[in-house]
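Quick note, the sequences are listed as chains A and B, same order.
Take the position in the first sequence, starting the count at 1, then add 73; the result is the number in the numbering used here.
Take the position in the second sequence, starting the count at 1, then add 73; the result is the number in the numbering used here.
Check the hints yourself; a few may be wrong.
It does not matter which identical chain is meant; a pair holds if it fits inside one copy or across any two.
Heads up, simulated SDA-like pairs for lysine to any residue below, C-alpha to C-alpha not over 25 Å straight-line [said to hold, decoys possible]:
(1) 159 - 75
(2) 127 - 111
(3) 77 - 96
(4) 93 - 76
(5) 159 - 149
Bear in mind the hints are in silico, worked out from the structure with no lab data behind them.
Number of protein chains: 2
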Amino acid sequence: MTHKELISEMAQRLGLSQSKVSDLLDATVCELNEKLSENTQIFIPHFGVFETRKRSERISVNPQTQQRYLVPPSIVATFKPASGIKEQLKTMEEDGK
Amino acid sequence: MTHKELISEMAQRLGLSQSKVSDLLDATVCELNEKLSENTQIFIPHFGVFETRKRSERISVNPQTQQRYLVPPSIVATFKPASGIKEQLKTMEEDGK
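Isolated chain A, as found in the complex:
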């Protein structure tokens, strides 16, 4: 689903103009990016938790050349889905969708 499709479906759902919904989505993204870059955990009920995690230095292998190289430590953004989505997807799996 593209950004445009998401906006048009949300505009219909909310009865708002697409430009209004686009502004809102942009503001949400700005807010989340800002908080993540402050290492803040963001909790969104019925959806999940965004947070940053420190990944330590590790040795990796180039699959083509089999050469080993050092991957420096990094901070990554992670998303942990809420139990509600997990349940929903679980029933999907069982229904064999």
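Assemble chain B onto chain A, guided by the hints.
Only chain B this time, still in chain A's reference frame:
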């Protein structure tokens, strides 16, 4: 950051009432959950991509009892951050934040 804090900061950012922002965030969550349960990939520019992934059956070990058990296949929701956030977090790492 709690849901309440996120809403109040976004309301300020957008110049909207908190109840309006709360409705909008709920609508966004509903839309994303619905699309994920349809196995749809959702692309949000400058933020990332939400999609579902099939996890195959695997054998795991109970750390307390060391007993091995079979984890059934599952469908999980995943989030892949956009390169923008990765860069932002990388400079954070280098600044030693």
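Results of checking the hints against the structure:
no.	hint	verdict
1	159 - 75	both (23 Å within a copy, 21 Å between copies)
2	127 - 111	within (13 Å within a copy, 32 Å between copies)
3	77 - 96	both (12 Å within a copy, 20 Å between copies)
4	93 - 76	both (14 Å within a copy, 21 Å between copies)
5	159 - 149	both (22 Å within a copy, 7 Å between copies)
The structure fails none of the hints (numbered hints given earlier).
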